[in-house]
Structures are given as structure tokens and as C-alpha cells.
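2 protein chains.
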Amino acid sequence: MRWKRISDAVVRRLPLYLRVLEEAKDQEMMSSQELGERAGVSPALIRKDLAWFGEFGKQGVGYEVAYLREELRKILNLDKSIRMVLVGVGSLGYALARYHRRKFLDDPSFTLEIVGLFDANPELVGKDVEGVTIEPVDALTTRVKELGAELGIICVPADSAQVVADKLVAGGIRAILNFAPVKLSAPDEVEVTNEDLSLELQRLAYYVTD
Amino acid sequence: MRWKRISDAVVRRLPLYLRVLEEAKDQEMMSSQELGERAGVSPALIRKDLAWFGEFGKQGVGYEVAYLREELRKILNLDKSIRMVLVGVGSLGYALARYHRRKFLDDPSFTLEIVGLFDANPELVGKDVEGVTIEPVDALTTRVKELGAELGIICVPADSAQVVADKLVAGGIRAILNFAPVKLSAPDEVEVTNEDLSLELQRLAYYVTD
Chain A
1 MRWKRISDAV VRRLPLYLRV LEEAKDQEMM SSQELGERAG VSPALIRKDL AWFGEFGKQG
61 VGYEVAYLRE ELRKILNLDK SIRMVLVGVG SLGYALARYH RRKFLDDPSF TLEIVGLFDA
121 NPELVGKDVE GVTIEPVDAL TTRVKELGAE LGIICVPADS AQVVADKLVA GGIRAILNFA
181 PVKLSAPDEV EVTNEDLSLE LQRLAYYVTD
Chain B
1 MRWKRISDAV VRRLPLYLRV LEEAKDQEMM SSQELGERAG VSPALIRKDL AWFGEFGKQG
61 VGYEVAYLRE ELRKILNLDK SIRMVLVGVG SLGYALARYH RRKFLDDPSF TLEIVGLFDA
121 NPELVGKDVE GVTIEPVDAL TTRVKELGAE LGIICVPADS AQVVADKLVA GGIRAILNFA
181 PVKLSAPDEV EVTNEDLSLE LQRLAYYVTD
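Going down the list, the sequences are from chains A and B. Numbering-wise, the numbering used here puts 164 at position 164 of the first sequence, and it's gapless, one number per residue. Numbering-wise, the numbering used here puts 78 at position 78 of the second sequence, and it's gapless, one number per residue.
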């Protein structure tokens, strides 16, 4: 639990570092300069971030790519399996479920597993998405407990997102990724992130200047 | 063009600042400390980033939320309309097209408009997604020119992503958001970003520790 005290500002950057390191598989060492450029963070901040978790770099030499990658995976709990449920299997929910199920099935290093899918629409209930059957949303809390799910993804419309969040929390979910365009309230011990799919597009817009 | 010289490491963070400012609509001022905490960036780095574009903050007072928000929108070209095409209207492509079309139609401040949808599957061609008709991918280059599209989103399978990217570039696209699990090659003047939908999940995994 000691890591809990570390600011989310720090945690938020760790997956960016991990992605760069995973993309550089055939590279042995990487300087904080290069890691910074590729992750979009200043080298000084990277060194400061990593210092929270230990001593990873060698002065003047940089980081051992494979070692730092594995250490970051441990810090982010990506070295163990994490069970997730997704609620709202509309077009976005279906696409995300399919994307993450396939990633889980194809890539052994991807340990985030969607173990439950839920929807209020009876016509969707019973349908299969990459090996997971869609269940009615009514039993969400009970099923979350039974499945031992720790992470929840919300893809329902804005007006039902809070009800779903409450059910997930009641079921013992520790973190929520919310795609509904509404701010959710949850206990402090539950981490809630509102996802904005247009962030990258907004960044890319910068590059279309004449 | 002068902004072109600014590192992508800086550009990458601007939409994060913008999102925080947009979420704080009813707030008049914001300190770089608060902006930093909410954006996941150190206050010092925020001041350094913004200094590239001008003088926005007042010493000890912080930033005027509305003013900085509008300035960031200008810097990111979000004050003008940007035309996009999306290629590959499978489950993910359809979901993204629907999401961004609706956002464009519902939110006047969202100026990124999907003006063209393309797919290789004849059964999808002719179908409508929130007011845009899916076209055959064959004519992509010509249509990109005709539509005056500047930004392209690739949601096709890995093995056809490069061909699609080449057609987009030939059509004059300036930036590409690639969801295909493959590294794309493009001329230096075209900005290519490989999107990873699982980044946020990897961050949230941190919070499910016991």
C-alpha cells in the first residue's frame, strides 16, 4: 500500500515509459534523454518519477531497457493477471471488449483480462464477444463479486453511468475507466478516470497548420 | 510554421492542460500547482511548456482559466474546423466514427469533423454513420484531396495499414492516428501517432494492489 501515497501525476506517466520501453525491445540501453523525448516527458521528471520506486538508471549510461521494463510492469501490477468487467456493449463497448479480449488472447504480456460483459439490452444478453458472454446488467454487483473483478469499464449512456458505477463499487471494483460523458462520484479508495478519446486528435490538430 | 519547431514532448501535453481547463469552466483562476496535479504534470514543466507560446500566467496568481483555454485552443488549431477521414469501419472504426461525429454534432467547441469514411468491404459501402456515408477505399487518395481532409484515422487490420497510410499521404493528409497494431512509415512532414487503447487500463492497474 505504500505506493498508494505516490501522486497520480507520477503514476499517469509510468505506462508511457513502459510503452516506449516495449517498443524498444531490441535496444539494450536507453538514456533518460531518449526515453523523455519518446514518452513526451522531460528527462529530469523521468528520473524524479522513477526515484519514487528505486534506483533504476546508471549515471551517464542510462537505463537497461529489459530490466526497467520488467520493474515498471511489477510497479503497475502488469506482472499479474487483473480481472475486468465492461458494462455497456454498444458500438464503443463492443469495440473495446473485442480489442482488449484479442490483445489478451494474442499477447501473453498483456495480463488485463475482461472476464465479464454486461448490458441492459435483452437482445445483446447471451451474445459472445471473443469468448465472453454478455450478461444482464441487473446482477452486476453480485457477478462482479463472483468474478473477482477489480477493474471496471463503463460504456453506458451518461444518464445510467452513475448507477452502474455504484453497482461496480458495491461489487468491490477498485478502479473505473469511464467512457460516459459525465463526471462520476465514487469513494476515495476507488480510482475513477474519465477517458477522452479525442485527446490524441486534439494533439494531432497541432500539426495541420499551414 | 514557427511552432513546428517545438518538441512533440511539449505539444503532447497541451491537450491535457486544455482538458483540465475545460473541466474547470466555472473556475476563474487556476494555479500551475492545481493545473499540474490535475493534468499529471509538474507545475515547473507546465510553466516551461507554456513559455514556448507566450506569457499566460500571473506570478503568484496563476492562470486565467477562460483566457488560457482559448489560447490553447488557438495553439492546437482547435479554434478552426479540421477535416478528417477514417479508414476501416469495423467495430472499432465504427465506434470511433460514431463517437467523434456525435461529439462534433453535439459540442460546438469540438471542431474536428469526420468528413469521409472508407472501407474495403462492399457490404459496408453506402451505409451511413451519423450523417457520413461509407465509401470504397479504392478512391481514397482522390477523395481525400476532394474533401480537403488534413487528418486521417486508420482502423484497418495490420496488414493493410501501410497501404492505407500511403494513400492518405498521397492525398495530402498532414497527420495520422493509427489504431492498427503496426508501426507505419511516412514522410517526416506527416505526423503519425500509434494509439494504444490500453494505456489508461495499464495506469489503473496500479490502483488494484492489495
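Treat the hints as calculated values from the structure; they're not laboratory data. All values reported here derive from a predicted model rather than from experimental measurement. Hints are supplied without guarantee of correctness; some may be wrong.
Because identical chains share one entry, a pair is satisfied inside a single copy or across any pair of copies.
Below are the BS3-like pairs computed for lysine-lysine, each with C-alpha atoms no more than 30 Å apart in a straight line [stated by the list, open to error]:
hint	residue 1	residue 2
1	Lys-183	Lys-25
2	Lys-48	Lys-127
3	Lys-103	Lys-183
4	Lys-25	Lys-103
5	Lys-25	Lys-127
6	Lys-48	Lys-145
7	Lys-58	Lys-48
8	Lys-145	Lys-103
Results of checking the hints against the structure:
In this assembly of identical chains, the alpha carbons of Lys-183 and Lys-25 lie at most 30 Å apart only when taken from different copies (14 Å versus 38 Å within one copy). Taking CA atoms no more than 30 Å apart as the test, Lys-48 paired with Lys-127 passes in neither setting, with 47 Å inside one copy and 51 Å between copies. For the identical chains of this complex, Lys-103 and Lys-183 are neighbours both inside a copy (28 Å) and across copies (16 Å), given an alpha-carbon limit of 30 Å. Proximity of Lys-25 and Lys-103 under a CA criterion of 30 Å is satisfied intra-copy only: 18 Å inside one chain copy versus 37 Å between copies.
In this assembly of identical chains, Lys-25 and Lys-127 lie within 30 Å of each other by CA distance neither inside one copy nor across copies; the values are 38 Å within and 41 Å between. When the C-alpha separation of Lys-48 and Lys-145 is checked against a cutoff of 30 Å, the pair qualifies neither within a copy, at 38 Å, nor between copies, at 46 Å. For the identical chains of this complex, Lys-58 and Lys-48 are neighbours both inside a copy (14 Å) and across copies (27 Å), given an alpha-carbon limit of 30 Å. Taking the shortest alpha-carbon separations for Lys-145 and Lys-103, only the intra-copy value of 24 Å comes in at or below 30 Å, while the best inter-copy value is 35 Å.
Hints 2, 5 and 6 from the earlier list are contradicted by this structure; the remaining hints agree with it.
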